[in-house]
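Protein sequence lines, in the order shown, are assigned to chains A and B. When we follow this note's numbering, the leftmost residue of the first sequence carries the number 182, and every step to the right adds one. When we follow this note's numbering, the leftmost residue of the second sequence carries the number 182, and every step to the right adds one.
You may find that some hints are simply not true.
Below, simulated SDA-like cross-link-like pairs (lysine to any residue); rule was C-alpha separation at most 20 Å, straight line [what the hints assert, rightly or not]:
#1 A:Lys337 x B:Glu393
#2 A:Lys337 x B:Leu247
#3 B:Lys220 x A:Ala413
#4 B:Lys220 x A:Gly412
#5 B:Lys337 x A:Asp240
#6 B:Lys220 x A:Gln395
Hints were generated in silico from the structure; no laboratory data involved.
Number of protein chains: 2
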Amino acid sequence: MTRVIAIDSEQNERFRTWERLLEGRGIRKHGAFLLAGRKTVPEALAAVPDRFTAVIAPDTPALDQLAPLLPAHLARHVLARPLFERLDVSGTRLPLLVGTVPAFAEADLAAPPRGLELACALGDPSNLGALLRSAAAFGVRRVILLPEAAHPFHPKCLRGAANAVFRLDFVRTRGWAALAAGAGPLLALDGGGADLTRFSWPGDLRLVLGEEGQGLPADLAAARLAIPTSGAVESLNATVAASIALQHWFSRRPA
Amino acid sequence: MTRVIAIDSEQNERFRTWERLLEGRGIRKHGAFLLAGRKTVPEALAAVPDRFTAVIAPDTPALDQLAPLLPAHLARHVLARPLFERLDVSGTRLPLLVGTVPAFAEADLAAPPRGLELACALGDPSNLGALLRSAAAFGVRRVILLPEAAHPFHPKCLRGAANAVFRLDFVRTRGWAALAAGAGPLLALDGGGADLTRFSWPGDLRLVLGEEGQGLPADLAAARLAIPTSGAVESLNATVAASIALQHWFSRRPA
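So here's chain A without its partners, still in its complex pose:
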């Protein structure tokens, strides 16, 4: 029989580590993340079982129910309910997985882009999650994270991303200047840019997306594209605007 570890104390070292995975800082420090979700947990176990190291359940029946899907290498834990609830921030009441965060290499920006590479500084993990879901849906494979960006394995990002993080390669860069000094074409969304719906998309490009409410550095050397609107509101939601751009690239890129 597979050994199950019961944890009842908030002083338990494993529990204390897991609780730190609720914030980007702890995720960075420990190189681990928590995945929750009625659909996402079974899907991720089927798609990328080697990414996970442990399962955390609220009780034995919940663990038993998931057991047929659990690879043998996963450590199994049942937590006292109050402890479990502190980790189950989405309120799923279903087992959580502990996974290993891949190393984010420094991007080699001198090399030309392959496909659409999304360079992103979205600081809100929920916004980033919805964006990553759109990115995977529209054929993006590589995401370049700016220092301002939320951690893509933050619980709120994972919740919005619907397992898209496991389909994407993440690299990081030190800032906008490094991106501008790299290979192009570099494209940005901007209310004053050229009509995106009439644009001849290249197959390979870097699309840059600034921080919410901050936008991009005014002097960033990138071609500007705009989504035509009625003008009734000043701008679109950043995730929505970027998703519209990705959809247009996906449906109109060269074969």
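Let chain A serve as the given structure and place chain B on it in line with the hints.
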């Protein structure tokens, strides 16, 4: 000089009413809402001053700073800081406006749609807010609210909507059956539908959007449209998918 009312007690009747405006139920009961935001408050005062009845400030300097923009009919209040913070759920630390919610008439669905009318059951107020922002940006004027929908004047919806609510007419309907029995064309987003990017959009239609995670009743008599994707994720975020559909209608509708 304009009279300013100071409120220090959480037992104060006005304060108690305002606190109830943080939830849909209280907004419905009192027919009022709270608007917050560094940009949205001055913009709304300029665009629709008659929609507001009062201003609530955290201190006198903050009230004085906004004073040049305040119509004379607004009641002015300065709240003790702990009380103000309970109302300032977005943490703006800037004056809030109290406004009057318009009556949402029952939709006359037998009448044909005029332009794109968005019928929506999104239950999460943040999702609804981002969607309403897209709706106003892409020329929607009328939103039909299903019973499951969040209240469009919920603080989280207003925060995402960036004043789009003041550009839209809201009507309500009792449910999907009433919508299906009304005039068409009725269109819905569905993974199994026809390619939305190749669709000949009519100028007048009703686009229906189900509740998050629930989708639409399987037997709803609506033409289905799909957004082609890579297949890497099962579906797009509901707000993102609807925004993409609205953008396509806006850019390709008959003149």
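Mind checking the alpha carbons of Lys220 (chain B) and Ala413 (chain A) for me, to see if they're no more than 20 Å apart? Roughly 15 Å between the alpha carbons, so the hint for Lys220 (chain B) and Ala413 (chain A) holds.
For Lys337 (chain B) and Asp240 (chain A), compute the direct alpha-carbon distance and say whether it is at most 20 Å. violated (34 Å)
Between Lys337 (chain A) and Glu393 (chain B), does the CA-CA distance stay at or below 20 Å? Distance ~16 Å between Lys337 (chain A) and Glu393 (chain B) Cα, so the pair holds.
Check the hint pairing Lys220 (chain B) with Gln395 (chain A) against an upper bound of 20 Å on the C-alpha distance. holds (13 Å)
Is the straight-line distance between the alpha-carbon of Lys337 (chain A) and that of Leu247 (chain B) 20 Å or less? Status violated; Cα separation ~35 Å.
For Lys220 (chain B) and Gly412 (chain A), compute the direct alpha-carbon distance and say whether it is at most 20 Å. Roughly 16 Å separates the two Cα atoms, so the pair holds.
Violation of the numbered hints given earlier is confined to hints 2 and 5; the remaining hints are satisfied by the structure.
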